[in-house]
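**Student:** Here is what each chain is made of, one letter per residue.
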Amino acid sequence: MHPFLMKSAREMRDAIWQREISAVELTEATLTHVAAVEPEIGSYISVLDEHARTAAAKLDARVAAGEKPLLAGIPTSVKDNMCLTGTRTTCGSKILEHWVAPYTATAVERCIDAGAIPIGKSNMDEFAMGSSCENSALMVTRNPYDVSRVPGGSSGGSAAAVAAYEAALGFGSDTGGSIREPAAFCNLVGFKPTYGRVSRYGLIAFASSLDQIGPLTRTVEDAALMYDAIGGHDARDATSVNVPFETTADHLRTDLRGVRIGIVKEFATDGLGAEINGVYAKAYQDLAALGAELVDVTLPTAEYGLATYYLIAPAECSSNLARFDGVRYGLRVDGGNIGEMYERTRAQGFGPEVKRRILIGTYALSSGYYDAYYVRAQKARTLISQDFARAFASCDLIACPAASSPAFGFAAKSDPYSMYLMDYYTIPMSLAGLPALSVPCGWVQPDGASQPMPMGLQLCAPLFAERPLLGAAHAYEQATHHARLRTPGLGVSA
Amino acid sequence: MSSPKIDVAYVAKLARIALTDEEITRFGSQLGDLLEHVAALEKLDVSAIAATAQVVESRNVDRPDIVGESLKRDVVLSMAPSKQGAFFRVPQIIGES
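For the protein sequence lines, the chains are A and B, in the order given.
The first sequence lines up with residues 1 to 494 when you count with my numbering.
The second sequence lines up with residues 1 to 97 when you count with my numbering.
Hint data in this document are derived by calculation from the structure and do not stem from the laboratory.
Quick caveat: nothing in here was measured; it's all calculated off a predicted structure.
There may be inaccurate statements among the hints.
[What the hints assert, rightly or not] Simulated pairs of lysine-lysine, BS3-like, Cα-Cα distance not exceeding 30 Å:
hint, chain 1, residue 1, chain 2, residue 2
1, A, K58, A, K7
2, A, K265, B, K43
3, A, K379, B, K83
4, A, K413, A, K94
5, A, K7, A, K68
6, A, K282, A, K265
7, A, K379, B, K72
8, A, K68, B, K43
9, B, K83, A, K413
10, A, K58, B, K5
11, B, K43, B, K5
12, A, K413, B, K13
13, B, K72, B, K13
14, A, K68, A, K58
15, A, K379, B, K43
16, B, K43, A, K94
17, A, K282, A, K379
18, A, K265, A, K413
19, A, K7, A, K379
20, A, K379, A, K265
21, B, K43, A, K58
22, B, K72, A, K413
23, B, K83, B, K72
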């Protein structure tokens, strides 16, 4: 493996600016490495060899002309629910297996305009529904830190790609934890910005009031750089917020003096086992040692997050996925009449988890149940948001686990509800629309794992407070450097 | 909100998904379990609470009523499972009962 591939995105960018390496060289090195590790890891549904080479040559010309693009030459993984003109965009589903996007998502376009090189379209749970990537209808992705374990999901392909040095920036999308949980599982930083901060134009919709695009990276600084490139108002997404955008990469901190960090009573970790409890106790101590004032806060309705989410998200998905009917694009399975054609197309095109969520959503929205389920869940959502608002009256950030366990083995969560529980700590922030991230915070040794597996600390901020959030995460990362302790097995060596 | 057992076959009809008998049984039991979990929401007093559809300020967004560039017809139709001339082709609808 080329030694540059283990550098952070910012270091790669600087090396390209200084002409130590060209984007073409870095891209070729990445593609060679991808070809070597893909049989073992399986991050990408499509590798974009030609696309990447063309983009790299263009970027080198820009640098030669004196430009210094923010993300110059950085190999980037694009989750396969984001459109990129001329590339297959499958959503991990049979129903879109052969669909080629006729346009490019705003966030992807901004990233490429900033100089990033798209290396591949990454695997994901079908339509972003899942927490392990096992719901992909197209392929298996393995955790680079232990290939007998899942990479997390739904953005597991991008997480595995960045962890295995197949990219330095990864696009994820987070509806209930789909960036933060795979980041925790793969020793990465995973950042979900405030709802509406990053345009959803060109992101294939799952649950429109929750979906948000964000970065998966190996460092906080890289996440900040990518966010600075992709964030901000977009007239093509009506839910994109038109408030002044604050850059973050130039406001990273190295201490936490004057920062009040809330520790949530309801998210006590003593039930997670002594080893995991120890990791979080140490993480909170480290925050305090950096100068933060730890304060106790309470989120009494957070425990209702899962129930609320599993009505709202399926309801929105049942509506959004109605467009997949075999008429205009994607799979069609013929039937005797148009009704049978719809029913057979959707029966063969969707996998079991997608069907379950469409069914529960259809039920929750159906006549006689709408008020009892959907509207009640929307009211519970209000209570959860109010809880966070009250908590943020006495603290600037909230700290808690990103997931209750490290990466688990394949088929370990065959009961759907046990998989849903993986998002217990991330769903409340999604329902409240808050910016939140996961940053590596330590290692635990699960039974049967070939080596210790990473855990993630979740930090969460008030709406639009991305700058203090990333600033604090950077201070914690720089003081602890848990991520650097181990590299993936994979024959990848430092 | 205490639920009757979910009629999966009926809901699948509404959702336009053909299910096998095995799927009806399996999904019925899995969705029944989920409904028991979401029944926890009955414990919350939401009588005086407004519903949240969207967390961040939401308003109608207008643009000038001017024809702009759109996707090319041949590009869009190239992705269609079946087409005829400039149209998407579907099974016969008119004349169906």
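**Student:** Next step is simple, just say for each hint if it's right about the structure.
**Tutor:** Taking the hints in turn, this is what the structure says about them:
1. A:K58 x A:K7: Distance ~22 Å between K58 (chain A) and K7 (chain A) Cα, so the pair holds.
2. A:K265 x B:K43: 20 Å, holds
3. A:K379 x B:K83: 45 Å, violated
4. A:K413 x A:K94: 22 Å, holds
5. A:K7 x A:K68: Answer holds: K7 (chain A) to K68 (chain A) is near 19 Å, not above 30 Å.
6. A:K282 x A:K265: Holds, because 17 Å separates the two Cα atoms, which is no more than 30 Å.
7. A:K379 x B:K72: 43 Å, violated
8. A:K68 x B:K43: Violated, at about 57 Å.
9. B:K83 x A:K413: 42 Å, violated
10. A:K58 x B:K5: Violated, because 59 Å separates the two Cα atoms, which is more than 30 Å.
11. B:K43 x B:K5: Holds, because 20 Å separates the two Cα atoms, which is no more than 30 Å.
12. A:K413 x B:K13: Distance of about 29 Å is within 30 Å: holds.
13. B:K72 x B:K13: 35 Å, violated
14. A:K68 x A:K58: 13 Å, holds
15. A:K379 x B:K43: 13 Å, holds
16. B:K43 x A:K94: 40 Å, violated
17. A:K282 x A:K379: 36 Å, violated
18. A:K265 x A:K413: 27 Å, holds
19. A:K7 x A:K379: 46 Å, violated
20. A:K379 x A:K265: 23 Å, holds
21. B:K43 x A:K58: 59 Å, violated
22. B:K72 x A:K413: 44 Å, violated
23. B:K83 x B:K72: 15 Å, holds
In terms of the numbered hints stated before, the structure departs from hints 3, 7, 8, 9, 10, 13, 16, 17, 19, 21, 22, listed from lowest to highest.
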